[in-house]
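Asks: The residues making up each chain are set out below.
There are 2 protein chains.
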Amino acid sequence: MPADHGSRRAALRAALASRDLDALLVTNLTNIRYLTGFTGSNAALLVDATDDEGGEERTVICTDGRYLTQVGEQVPDLRAEIARASAATLIKSLPTASAVALESHVVTVDEFAAWSLLAPDARLDPVPGLVEELRMVKDEHEVGLLRAACAAADSALAELIARGGLRPGRTEREVGRELEALMLDHGADGISFETIVATGANSAIPHHRPTGTVLRGGDFVKLDFGAEVGGYHSDMTRTYVLERAADWQRDVYALVERSQKAGRDALRPGAEVSAVDGAARRVIEDAGYGELFLHGLGHGVGLEIHEAPGIGKQGTGTLLDGAAVTVEPGVYISGRGGVRIEDTLVVRERGPELLTLTTKDLTVV
Amino acid sequence: MPADHGSRRAALRAALASRDLDALLVTNLTNIRYLTGFTGSNAALLVDATDDEGGEERTVICTDGRYLTQVGEQVPDLRAEIARASAATLIKSLPTASAVALESHVVTVDEFAAWSLLAPDARLDPVPGLVEELRMVKDEHEVGLLRAACAAADSALAELIARGGLRPGRTEREVGRELEALMLDHGADGISFETIVATGANSAIPHHRPTGTVLRGGDFVKLDFGAEVGGYHSDMTRTYVLERAADWQRDVYALVERSQKAGRDALRPGAEVSAVDGAARRVIEDAGYGELFLHGLGHGVGLEIHEAPGIGKQGTGTLLDGAAVTVEPGVYISGRGGVRIEDTLVVRERGPELLTLTTKDLTVV
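For the record, the sequence lines run as chains A and B.
Numbering follows the numbering used here, with no gaps: position 11 of the first sequence is 66.
Numbering follows the numbering used here, with no gaps: position 341 of the second sequence is 396.
You may find that some hints are simply not true.
Intra- or inter-copy, both count: the list cannot distinguish identical chains.
Said to hold, decoys possible - Think about it this way: if two alpha-carbon atoms lie no more than 20 Å apart in a straight line, the pair counts; the simulated SDA-like pairs of lysine to any residue are:
| # | residue 1 | residue 2 |
| --- | --- | --- |
| 1 | K316 | V182 |
| 2 | K368 | A138 |
| 3 | K368 | R121 |
The hints are simulated quantities; they were obtained by calculation from the structure and are not laboratory data.
Next comes chain A alone, as it looks inside the complex (with noise of 0.2 Å):
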């Protein structure tokens, strides 16, 4: 299934409309390519909303000279413009008296005061967020390119396990260079973040970076890692035992399992975040702990590795129909080890939808 991007335009055009503005400057990238594919480092877009019919004519991508072909092959169905400062020409542009929304969780205070002087009779309105609003539900496009990411995770997870990857005596940085080639064996276009690979006490630090701290039984071995396809991460962590296990491993392998799995089981549309939370929370607290779990249960996942909705104690909204997030809760025991159990999934209606497929049982390798 084709992206269909004038769809996406349409609905941000809606949300514009209903705030009486009749544009949107778009200049964070990750929303250019949302909303019309384009993946150059440097463009501006404007959003005509001053009517349903002309809107899409009037809407104009600018981005530079390096991208003359790829702008005309990834945007075939707008107007392109070329220039170096793509968000000033476009400003320049502006009809007078026109109220133009900017995504002031991205513009800088300079550009806000440069591109003030640069259209001094229109206005300028601070408007956060419009556009993530729209990403927080995810189109089948969408869900089938993280379906395509977690696939090449899960591929290459357990290629790593079958070929003995996790054997005692190799470093976490080996591992986890392994992984990553694995991801883009399997189909990954890129890795969605630096993979965490953190082994004995290293597992007690939710995110550590791969040292040539040696791999030795007896020890968690905790992998935190994602693939990108089409510009959509996946993400997911695995805690495995190397060679035996011991019971204090078990305990807290078990409740870091109950507890992710009441995070799963209270994702549904129309859920409070912090509800969420608080249901694979309360299974942790209830063991005593609580003090434990350092972070909050999840999080958004898509064209960015973290996006909205975020999924904490202290988050506010509720989870639509559609949404991509995380559940990841973590018990971590300083010294001595620590256990993250984290899928990727869909809220539905029918319930989640888990694109992570790898077993969560406690594996011993």
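Starting from the known structure of chain A, arrange chain B on it as the hints suggest.
Replies: Chain B in isolation, oriented as in the chain A frame:
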């Protein structure tokens, strides 16, 4: 040689004092790394400059609980606070009536509005680029890391060629992956950016992403890549011909080679950046190919792959002693092929210090 973050903060304090500013709230994470060594993903730093003596004691870094251990290890010489909303926490503690600079090229419109409410009695001054200006001149610690990064890239390229990695029949993507893996083998902590491998007609696209296109005898293959060591980035481009070089390829190559040498020769402290660009560009223009040199001559490089100073036609300002920059002219003949040659160098009184040592003689592989 260890990094001397204290001296960097002292230089910043002098810059602040000369502008009658009491402090700078640093929120750009790269600038925080430069000033403190902290590498976490969330932090704010308030550099106090009210007087030389007590400034260091009143300077404070704030990060969240995930980095409790890390901030103590990486920044033992400064007071640390732990809070999720790092910048807001520091803003709230500002003394009444102090003049605090904000990094207005980084701070968003939304952040500025929110922070202004948190500190109604302080004067928040938008001041762009203070730390970036200091970062232009590299100290010996930084040059050491740049040298190591460039060496990793040089060694990786040498091994790629020695093992026949640039042979006809391979795809751009295969070559890119191998070169990236070799950089890690040769001591890189990471790669600077996604490696460009562009062969045949693709070599005429300045920023081509590697595809399944197959290397063929008689074609150009252009490699633009870099290694990262300790946060510092190398940047190098070499263009090869596969198996046999045609006369037009030798001519284009020789032209770009001469242009690149002219650009390197123009690097000296005090040179106008537009004049450096002009020195290289003139060679290509005089040969009648000016229209085919589609971009600026180069850019600063360090903790970011692209940083100040830009070296382009419209650039302003002069090169400083100790600036690290790239020199990378190119000629791109659409549909046929292109050549770019790029080095990373340090501007020195005695003449530029070349960090990327791989030969630039036309090499047929």
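Asks: With identical chains treated as interchangeable, where does the CA-CA distance between K368 and A138 reach 20 Å or less: within a copy, between copies, both, or neither?
Replies: Between copies only: 15 Å across, 45 Å inside.
Asks: Indicate which option fits the pair K316, V182 if close means a Cα-Cα distance not exceeding 20 Å: within, between, both or neither.
Replies: neither (37 Å within a copy, 49 Å between copies)
Asks: 20 Å Cα cut-off: does K368 pair with R121 within a copy, between copies, both or neither?
Replies: between (45 Å within a copy, 16 Å between copies)
Hint check: a violation occurs at hint 1 only; the rest are consistent with the structure.
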